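Student: Here are the chains, one letter per residue:
Number of protein chains: 2
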Amino acid sequence: MQYYPAPEEVIEMSDLISAVESAFVDHGAGRSVMPPKVYVNLPGGDFRTMPSYIPSLQTAGVKIVNVHPENRKAGLPTVMAVTILLDPPTGKPVAVLNATTLTDLRTGASAAVATRALTHKKSGTIGIIGSGRQADSGLLALSHVVEPEEVLVWSRSPTHADEFVQRYSHLPIQSTDIESAAGADILLTVTPSKTPLIKDEWISDGAHINAVGADAPGKQELDPAILRRADVFVDDMDQATHSGEVNVPIREGIYTPSQIRGTLGGVLTGAIPKPTPGTITVFDSTGLSITDLAAAHLAIGKGTIIDLPFMQNANTPGISGVRE
Amino acid sequence: MQYYPAPEEVIEMSDLISAVESAFVDHGAGRSVMPPKVYVNLPGGDFRTMPSYIPSLQTAGVKIVNVHPENRKAGLPTVMAVTILLDPPTGKPVAVLNATTLTDLRTGASAAVATRALTHKKSGTIGIIGSGRQADSGLLALSHVVEPEEVLVWSRSPTHADEFVQRYSHLPIQSTDIESAAGADILLTVTPSKTPLIKDEWISDGAHINAVGADAPGKQELDPAILRRADVFVDDMDQATHSGEVNVPIREGIYTPSQIRGTLGGVLTGAIPKPTPGTITVFDSTGLSITDLAAAHLAIGKGTIIDLPFMQNANTPGISGVRE
Numbered sequence: 033m034q035y036y037p038a039p040e041e042v043i044e045m046s047d048l049i050s051a052v053e054s055a056f057v058d059h060g061a062g063r064s065v066m067p068p069k070v071y072v073n074l075p076g077g078d079f080r081t082m083p084s085y086i087p088s089l090q091t092a093g094v095k096i097v098n099v100h101p102e103n104r105k106a107g108l109p110t111v112m113a114v115t116i117l118l119d120p121p122t123g124k125p126v127a128v129l130n131a132t133t134l135t136d137l138r139t140g141a142s143a144a145v146a147t148r149a150l151t152h153k154k155s156g157t158i159g160i161i162g163s164g165r166q167a168d169s170g171l172l173a174l175s176h177v178v179e180p181e182e183v184l185v186w187s188r189s190p191t192h193a194d195e196f197v198q199r200y201s202h203l204p205i206q207s208t209d210i211e212s213a214a215g216a217d218i219l220l221t222v223t224p225s226k227t228p229l230i231k232d233e234w235i236s237d238g239a240h241i242n243a244v245g246a247d248a249p250g251k252q253e254l255d256p257a258i259l260r261r262a263d264v265f266v267d268d269m270d271q272a273t274h275s276g277e278v279n280v281p282i283r284e285g286i287y288t289p290s291q292i293r294g295t296l297g298g299v300l301t302g303a304i305p306k307p308t309p310g311t312i313t314v315f316d317s318t319g320l321s322i323t324d325l326a327a328a329h330l331a332i333g334k335g336t337i338i339d340l341p342f343m344q345n346a347n348t349p350g351i352s353g354v355r356e
Numbered sequence: 033m034q035y036y037p038a039p040e041e042v043i044e045m046s047d048l049i050s051a052v053e054s055a056f057v058d059h060g061a062g063r064s065v066m067p068p069k070v071y072v073n074l075p076g077g078d079f080r081t082m083p084s085y086i087p088s089l090q091t092a093g094v095k096i097v098n099v100h101p102e103n104r105k106a107g108l109p110t111v112m113a114v115t116i117l118l119d120p121p122t123g124k125p126v127a128v129l130n131a132t133t134l135t136d137l138r139t140g141a142s143a144a145v146a147t148r149a150l151t152h153k154k155s156g157t158i159g160i161i162g163s164g165r166q167a168d169s170g171l172l173a174l175s176h177v178v179e180p181e182e183v184l185v186w187s188r189s190p191t192h193a194d195e196f197v198q199r200y201s202h203l204p205i206q207s208t209d210i211e212s213a214a215g216a217d218i219l220l221t222v223t224p225s226k227t228p229l230i231k232d233e234w235i236s237d238g239a240h241i242n243a244v245g246a247d248a249p250g251k252q253e254l255d256p257a258i259l260r261r262a263d264v265f266v267d268d269m270d271q272a273t274h275s276g277e278v279n280v281p282i283r284e285g286i287y288t289p290s291q292i293r294g295t296l297g298g299v300l301t302g303a304i305p306k307p308t309p310g311t312i313t314v315f316d317s318t319g320l321s322i323t324d325l326a327a328a329h330l331a332i333g334k335g336t337i338i339d340l341p342f343m344q345n346a347n348t349p350g351i352s353g354v355r356e
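Residue numbers (the working numbering), protein chains in the order written: chain F, 33 to 356; chain G, 33 to 356.
In short, the hints are calculated from the structure, not lab data.
Note that this is a predicted model, so its numbers are computed, not measured.
Backbone N, C-alpha and C define an ideal beta-carbon position, used for all residues, glycine too.
Treat the hints with caution; some may be incorrect.
[What the hints assert, rightly or not] Taking beta-carbon pairs under 10 Å as the criterion, some of the chain F residues facing chain G (in silico):
#1 38
#2 76
#3 80
#4 109
#5 178
#6 288
[Claimed, not checked] Reference excerpt, derived from the structure (chain G facing chain F, CB under 7 Å, subset only):
#7 103
#8 120
#9 124
#10 126
#11 229
[Said to hold, decoys possible] Restricting the straight-line Cα-Cα distance to at most 20 Å, the calculated cross-link-like pairs of lysine to any residue (SDA-like) are:
#12 334(G) <-> 180(F)
#13 251(F) <-> 283(F)
#14 105(F) <-> 154(G)
#15 334(G) <-> 154(F)
#16 334(G) <-> 105(G)
#17 105(F) <-> 342(G)
#18 105(F) <-> 121(G)
#19 334(F) <-> 343(G)
#20 153(F) <-> 119(F)
#21 334(F) <-> 47(F)
#22 334(G) <-> 340(F)
#23 105(G) <-> 42(F)
#24 334(F) <-> 251(G)
#25 251(F) <-> 229(F)
#26 105(G) <-> 126(F)
#27 251(G) <-> 236(G)
#28 105(F) <-> 334(G)
#29 334(G) <-> 342(F)
#30 154(G) <-> 305(G)
#31 105(G) <-> 47(F)
#32 154(G) <-> 204(G)
#33 334(F) <-> 153(F)
#34 105(F) <-> 343(G)
#35 334(F) <-> 342(G)
#36 105(G) <-> 342(F)
#37 226(G) <-> 255(G)
#38 105(G) <-> 105(F)
#39 334(F) <-> 154(G)
Here chain F stands alone, though its shape is the one from the complex:
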């Protein structure tokens, strides 16, 4: 078994986008196994357990990831993650990865895959609502699939928005009011909001929205009127209806699962037609275990590796070690 303390250091974003896209294709074609993630509430947050198996990569495993909104006060990220990979034919654990930054990156890559699959845009304005780590990875990934004409950033904290702008001063970027950012051609929402932040009237015709923040029951970022006027695609039907952007409107009875156009994987496999230009599209992203495995699979065998002893005496009969 091997440990990877910083697997993100060996990953190229373009490779990650391709790997994540392949995972969505497998998902759309029914060639992967992925039970819905399981939530356990903790004091001040929760953790999610996300198992899956991707036959085409000959890999299986589990990501374990927490969400503790107050962690920044303790000098820790809100979200931290570990991924365990298993060898499918034997079930043996082969790798443990620090998946904290990988989680941000695969989330950004998923938004990039959706933007390329659901829109016809090669360039445009990018609006970013929120300025946490997923804002960084989202902008990085989106820049690989659309030429950013202008990047408009809004954050509840103007200081954080300004810091974000400074980090990307090589791009045409500025911090703005929420309405201006929300009016962009391509929108990325990455807040932990539990009430709609984005009003329907702010959304431009033909806009594409990557709704990333809502990933647990009770969370939502968009006015439900946006969902009713858009073509809505989800990453996974079970997860999105349980915990994605659509979860609150569905529970309140103002939106129904039958109004969802389908999955991103369905569009990628061609089972669902790509929306025509001018359509408002929403990608409801909850985060799939298979994208975590695809990201981990890209990293293993490269970079810093710490060897961990595991089952050296596998064939010893009886139970050794324990003291009677």
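We have chain F already, so just place chain G on it with the hints.
Tutor: Chain G in isolation, oriented as in the chain F frame:
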């Protein structure tokens, strides 16, 4: 984050039995959080993801464990496991443990806890059906709660049964036919059988059966007539009806969940009366995540520890590492 390659080396069985009993008490009192385990099928086997949270131990985490019946041919154990522990108030991963042998040990300890809670026996004959690793840990644990007057072992492989007997030559032990072993005062069944091995007429009045082998849909070791004549206790109602000894009879309609007397935790808390002497009792053990956490919690901070770097640069804004 720290890695423990052999946590079983620092655990005393008597301490483990106490820790597992406390976990069952918490479970019975509704003081732990444990969603049912999630199964993912793989070529030649499966893996299970088992998350939980035990407030009284201030620990949370996940065990990941495979079952690949043909692994012995490849020189690997059938079952291998890794446990990840998280710090509940922050969700930070704090420990990774090789939980392979720990899994065997906590399974044995659970049978010992059940034997003590459900019977009035201080001594008696012990019958063991099967001779794999769980037979070893089961005998070790049961010897802590009952004085073994005689140990009778049956295995499909007479060679394995003889090897097992040799390992415990300090005890009054012998390999026997299955009927003799099944007639013991305290029975431990630890086979992967999918058809009943143990006939009703072999079971002695007042016997206690620890039915451990059935831990997945389709598995069963006991003639269902035994269940109907016994007081049946489960480790967890959801898991047992899904994948325990009762799963096949329930699916076939010859046993119903309402016939189950209750959980082991319910007896330990006093919510369910202890069966009277002379009652045939069955403990249907599927394996609880909370017992894995309790075992892991006993081991951390002791023995061989490998420090793993995790989130040194937690406060760096933006996404470092990935190459654009």
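Student: Does each hint fit the structure? Answer for all of them.
Tutor: Results for each hint:
no.: 1; hint: 38; result: holds, 6 Å
no.: 2; hint: 76; result: holds, 6 Å
no.: 3; hint: 80; result: holds, 9 Å
no.: 4; hint: 109; result: holds, 5 Å
no.: 5; hint: 178; result: violated, 15 Å
no.: 6; hint: 288; result: violated, 27 Å
no.: 7; hint: 103; result: holds, 6 Å
no.: 8; hint: 120; result: holds, 5 Å
no.: 9; hint: 124; result: holds, 6 Å
no.: 10; hint: 126; result: violated, 10 Å
no.: 11; hint: 229; result: violated, 22 Å
no.: 12; hint: 334(G) <-> 180(F); result: violated, 53 Å
no.: 13; hint: 251(F) <-> 283(F); result: holds, 12 Å
no.: 14; hint: 105(F) <-> 154(G); result: violated, 54 Å
no.: 15; hint: 334(G) <-> 154(F); result: violated, 57 Å
no.: 16; hint: 334(G) <-> 105(G); result: violated, 34 Å
no.: 17; hint: 105(F) <-> 342(G); result: holds, 18 Å
no.: 18; hint: 105(F) <-> 121(G); result: holds, 12 Å
no.: 19; hint: 334(F) <-> 343(G); result: holds, 19 Å
no.: 20; hint: 153(F) <-> 119(F); result: violated, 40 Å
no.: 21; hint: 334(F) <-> 47(F); result: holds, 14 Å
no.: 22; hint: 334(G) <-> 340(F); result: holds, 17 Å
no.: 23; hint: 105(G) <-> 42(F); result: violated, 36 Å
no.: 24; hint: 334(F) <-> 251(G); result: violated, 41 Å
no.: 25; hint: 251(F) <-> 229(F); result: holds, 11 Å
no.: 26; hint: 105(G) <-> 126(F); result: holds, 19 Å
no.: 27; hint: 251(G) <-> 236(G); result: violated, 23 Å
no.: 28; hint: 105(F) <-> 334(G); result: violated, 30 Å
no.: 29; hint: 334(G) <-> 342(F); result: holds, 17 Å
no.: 30; hint: 154(G) <-> 305(G); result: holds, 19 Å
no.: 31; hint: 105(G) <-> 47(F); result: violated, 37 Å
no.: 32; hint: 154(G) <-> 204(G); result: holds, 16 Å
no.: 33; hint: 334(F) <-> 153(F); result: violated, 34 Å
no.: 34; hint: 105(F) <-> 343(G); result: holds, 15 Å
no.: 35; hint: 334(F) <-> 342(G); result: holds, 17 Å
no.: 36; hint: 105(G) <-> 342(F); result: holds, 18 Å
no.: 37; hint: 226(G) <-> 255(G); result: holds, 11 Å
no.: 38; hint: 105(G) <-> 105(F); result: violated, 52 Å
no.: 39; hint: 334(F) <-> 154(G); result: violated, 57 Å
Against the hints set out earlier in the document, violations occur for numbers 5, 6, 10, 11, 12, 14, 15, 16, 20, 23, 24, 27, 28, 31, 33, 38 and 39.
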